[in-house]
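This is what each chain is made of:
There are 2 protein chains.
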Amino acid sequence: MSDNKLSTDAYKGVRDFYPEDMAVLRYIMNTWSTTAESFGFERYDASVLEPAELYKSKGAANEEIVDEQTYTFIDRGEREVTLRPEMTPTVARMVSGRRRELTFPLRWYSIPNLFRYERPQRGRLREHWQFNCDIFGAPGVAADVEIISLANQLLIDFGATPDMFEILVNNRAEMTALFADIGITNQDTVTKITRLTDRKKKISADEYRAELLKIVGDNTKVEQVVGIVEVEAGTNPVILGLRELGITNVRLDRTIARGFDYYTGTIFEILDTDKENNRAMLGGGRYDNLTSMFGGDPISGIGFGMGDVTMRDFLESHQLLPTNITKTAPTLSIIPAEPENDLASQKVAQLFRSHGIRTVVDIGQKKLGRKIADAADSGTKYALVIGETEIESGTYVLKNLDLNTTESGSIENLLTFLIAKT
Amino acid sequence: MSDNKLSTDAYKGVRDFYPEDMAVLRYIMNTWSTTAESFGFERYDASVLEPAELYKSKGAANEEIVDEQTYTFIDRGEREVTLRPEMTPTVARMVSGRRRELTFPLRWYSIPNLFRYERPQRGRLREHWQFNCDIFGAPGVAADVEIISLANQLLIDFGATPDMFEILVNNRAEMTALFADIGITNQDTVTKITRLTDRKKKISADEYRAELLKIVGDNTKVEQVVGIVEVEAGTNPVILGLRELGITNVRLDRTIARGFDYYTGTIFEILDTDKENNRAMLGGGRYDNLTSMFGGDPISGIGFGMGDVTMRDFLESHQLLPTNITKTAPTLSIIPAEPENDLASQKVAQLFRSHGIRTVVDIGQKKLGRKIADAADSGTKYALVIGETEIESGTYVLKNLDLNTTESGSIENLLTFLIAKT
Numbered sequence: 030m031s032d033n034k035l036s037t038d039a040y041k042g043v044r045d046f047y048p049e050d051m052a053v054l055r056y057i058m059n060t061w062s063t064t065a066e067s068f069g070f071e072r073y074d075a076s077v078l079e080p081a082e083l084y085k086s087k088g089a090a091n092e093e094i095v096d097e098q099t100y101t102f103i104d105r106g107e108r109e110v111t112l113r114p115e116m117t118p119t120v121a122r123m124v125s126g127r128r129r130e131l132t133f134p135l136r137w138y139s140i141p142n143l144f145r146y147e148r149p150q151r152g153r154l155r156e157h158w159q160f161n162c163d164i165f166g167a168p169g170v171a172a173d174v175e176i177i178s179l180a181n182q183l184l185i186d187f188g189a190t191p192d193m194f195e196i197l198v199n200n201r202a203e204m205t206a207l208f209a210d211i212g213i214t215n216q217d218t219v220t221k222i223t224r225l226t227d228r229k230k231k232i233s234a235d236e237y238r239a240e241l242l243k244i245v246g247d248n249t250k251v252e253q254v255v256g257i258v259e260v261e262a263g264t265n266p267v268i269l270g271l272r273e274l275g276i277t278n279v280r281l282d283r284t285i286a287r288g289f290d291y292y293t294g295t296i297f298e299i300l301d302t303d304k305e306n307n308r309a310m311l312g313g314g315r316y317d318n319l320t321s322m323f324g325g326d327p328i329s330g331i332g333f334g335m336g337d338v339t340m341r342d343f344l345e346s347h348q349l350l351p352t353n354i355t356k357t358a359p360t361l362s363i364i365p366a367e368p369e370n371d372l373a374s375q376k377v378a379q380l381f382r383s384h385g386i387r388t389v390v391d392i393g394q395k396k397l398g399r400k401i402a403d404a405a406d407s408g409t410k411y412a413l414v415i416g417e418t419e420i421e422s423g424t425y426v427l428k429n430l431d432l433n434t435t436e437s438g439s440i441e442n443l444l445t446f447l448i449a450k451t
Numbered sequence: 030m031s032d033n034k035l036s037t038d039a040y041k042g043v044r045d046f047y048p049e050d051m052a053v054l055r056y057i058m059n060t061w062s063t064t065a066e067s068f069g070f071e072r073y074d075a076s077v078l079e080p081a082e083l084y085k086s087k088g089a090a091n092e093e094i095v096d097e098q099t100y101t102f103i104d105r106g107e108r109e110v111t112l113r114p115e116m117t118p119t120v121a122r123m124v125s126g127r128r129r130e131l132t133f134p135l136r137w138y139s140i141p142n143l144f145r146y147e148r149p150q151r152g153r154l155r156e157h158w159q160f161n162c163d164i165f166g167a168p169g170v171a172a173d174v175e176i177i178s179l180a181n182q183l184l185i186d187f188g189a190t191p192d193m194f195e196i197l198v199n200n201r202a203e204m205t206a207l208f209a210d211i212g213i214t215n216q217d218t219v220t221k222i223t224r225l226t227d228r229k230k231k232i233s234a235d236e237y238r239a240e241l242l243k244i245v246g247d248n249t250k251v252e253q254v255v256g257i258v259e260v261e262a263g264t265n266p267v268i269l270g271l272r273e274l275g276i277t278n279v280r281l282d283r284t285i286a287r288g289f290d291y292y293t294g295t296i297f298e299i300l301d302t303d304k305e306n307n308r309a310m311l312g313g314g315r316y317d318n319l320t321s322m323f324g325g326d327p328i329s330g331i332g333f334g335m336g337d338v339t340m341r342d343f344l345e346s347h348q349l350l351p352t353n354i355t356k357t358a359p360t361l362s363i364i365p366a367e368p369e370n371d372l373a374s375q376k377v378a379q380l381f382r383s384h385g386i387r388t389v390v391d392i393g394q395k396k397l398g399r400k401i402a403d404a405a406d407s408g409t410k411y412a413l414v415i416g417e418t419e420i421e422s423g424t425y426v427l428k429n430l431d432l433n434t435t436e437s438g439s440i441e442n443l444l445t446f447l448i449a450k451t
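Quick note, the sequences are listed as chains S and E, same order. Heads up, the first sequence is in the numbering used here, so the first residue is 30 and it goes up one at a time. Heads up, the second sequence is in the numbering used here, so the first residue is 30 and it goes up one at a time.
Certain hints may be false.
Just so you know, same-sequence chains aren't split out, so a pair can sit in one copy or run between any two.
[Stated by the list, open to error] Once the Cα atoms are required to be at most 16 angstroms apart in a straight line, the calculated EDC-like pairs of lysine to aspartate or glutamate come out as:
#1 41 x 107
#2 34 x 326
#3 41 x 109
#4 376 x 273
#5 410 x 66
#6 376 x 441
#7 34 x 406
#8 221 x 236
To be clear, the hints were calculated from the coordinates, so they are not data collected in a lab.
Given the sequences, and given the hints that come with them, work out the whole structure.
This is the structure in structure tokens:
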């Protein structure tokens, strides 16, 4: 062993996906994909590398994220490049780039990996995979209702019941009007209140009021703002539309603000009703001006993002992860009795595979008993030993590792048997 | 339009995947995945971010790539981090990290995106997706035969015939022995000859000899090396094993060297027989000492990588891309006659989706005729208009956009009709 051996750890804050974790990730991604396509959404993707300026445009993003949390560096050609921290600027860039050729309304989804330099903690990693769904070119309330009903359907498709989660809805334009009613019209002040209110559930009521006082300047205004954001009931057209579709676990929450400055109308979150897992597991909103940073008339958009880490936490806390997910084992394990039989075994495997049977050959340097035990442990259903005795006699034994039964015959007989079974 | 509007171009040398290109990428990835799983390979993944030291270890990689072509930067915590340029060091790290819990031989595959800072050109981008297959813990020739037969099967599964490609095999250990026979035993000299020979097909014969002379020092040795690398025929146990499996488009090529220093035994490439597309579209080899950089006894490995760009070039040049790949359109398009019917349409769509029918609602602000034309253009098979007349009468018309036929009835009637059709 060398003294200066390398660590086998992954880079800090990111994950290795060993096959059992990869199987869970694929299950989550496949479910996301199936639900999106059932609504007629088409999949797109882009590189993790984006020009840094994409995130620096006024109104494009959250300044805290850009200044403190992006992975931004200078490439060998002196370009400033960022590992995408979110997908919305990318999709806005792509839609703007082909606005003349695309047919609207456009429904697009993607499953990108996103990067943020943060202190790793539960549900927060430096890289995660995020399901993104967006509708472009449909400014009416029907699009808001559809995108939220898609998010709802997604959780239903994972096996969730409506008691397990709650949909919170708010509206930036409505908030602006409510603030205007109490004399707060300066956009910077509204933005500061919005960002503070977004953190309201994470800080104490006193701290919220103290911070608010710094922004609005007097206690009367503080109480008026608190009066607006702490309203307990209420509806808006989106909530009425969702109820029309039979979605009732939805309510207005004036504290919902979302982190991004580009939202203009409806904003929403889905919360796990399990208080142990109290982070928003999904969030999104309407952004009607984002594409204007690329020039031309703005194309309205509404969308949401949902991460794989919070998704898995939700599925695990509600015991919704199917137990058979990791069973990706092949059907048949062909076991050479001795290394001399390895090639003959590969040839037989080729025959079984050509009939659609997933087949592995144990070419390891282990004893026969160990190979059979490993095949059983791996979840493979059948094992077929190939040694000199079998080759000379032409008679082979197919073992059912689940039932501990056997079937004897020529390779052709056993192939016919297995084709019938699978 | 703002004067300082942002460009809609992607970062230089990477790609945006609009839905039609994404559909092709998904087809390629799904085929890779299906073939690998038919051989009993399990999927894994890791982050694109790796500690930079992973690629700097002696013998871990090709120095040219590390020094001149990686994306390496310092993160906000002063760690040196690299966007992975290849997957083999990552999989070696993961296997080493769990060597005590894993059952060998291990068959793993992944489809990572890889990054290299190179001048973009045909078949060479700064980011591409690469299929990686590796077998660990099987040092015998049977593993070499299996991994190459998997690569062969992959092309067959894409619809290729053996005349479309050629498998070239060589062996680093055999080359070392041949060089020793002519008195070249210094490992640095062998490495220099190997790297030069790897470029032999890209440079002139004179240039090759001139460069070789600089390495070996005299013309007699130059001719001896040329005598070794230009041998026209020959076999080795791997080639014999592949022929045993019926794979005959395989030959020994002593100029095959592969770029990575970590290869120790068998090395191989697959070339397109179409001379217009003469880059290796797949390459790999055996690396028996790579895991030793993490300490402990080395675990033998053999594997290959195959990129999506060269794969697509191959499929296109041989006309193997299925023509129906881009048809991811939903089955049914529900078309509100007026925006007032949007919500009622969403409700009907929800009903159809709950019966497994992929359904989209055109909530765009277009005229009815335009909406029907867009539905037909999108490849949707059926259209259902919902307006006041239909809602009042309770009778709706389902239009088959392919055949231009119609079916009338209540929503329930039409649902039953469509369930029977799909």
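Now for the hints, and whether the structure bears them out:
no.: 1; hint: 41 x 107; result: between (27 angstroms within a copy, 12 angstroms between copies)
no.: 2; hint: 34 x 326; result: between (57 angstroms within a copy, 12 angstroms between copies)
no.: 3; hint: 41 x 109; result: between (23 angstroms within a copy, 11 angstroms between copies)
no.: 4; hint: 376 x 273; result: between (61 angstroms within a copy, 8 angstroms between copies)
no.: 5; hint: 410 x 66; result: between (33 angstroms within a copy, 15 angstroms between copies)
no.: 6; hint: 376 x 441; result: within (13 angstroms within a copy, 55 angstroms between copies)
no.: 7; hint: 34 x 406; result: neither (32 angstroms within a copy, 59 angstroms between copies)
no.: 8; hint: 221 x 236; result: within (15 angstroms within a copy, 67 angstroms between copies)
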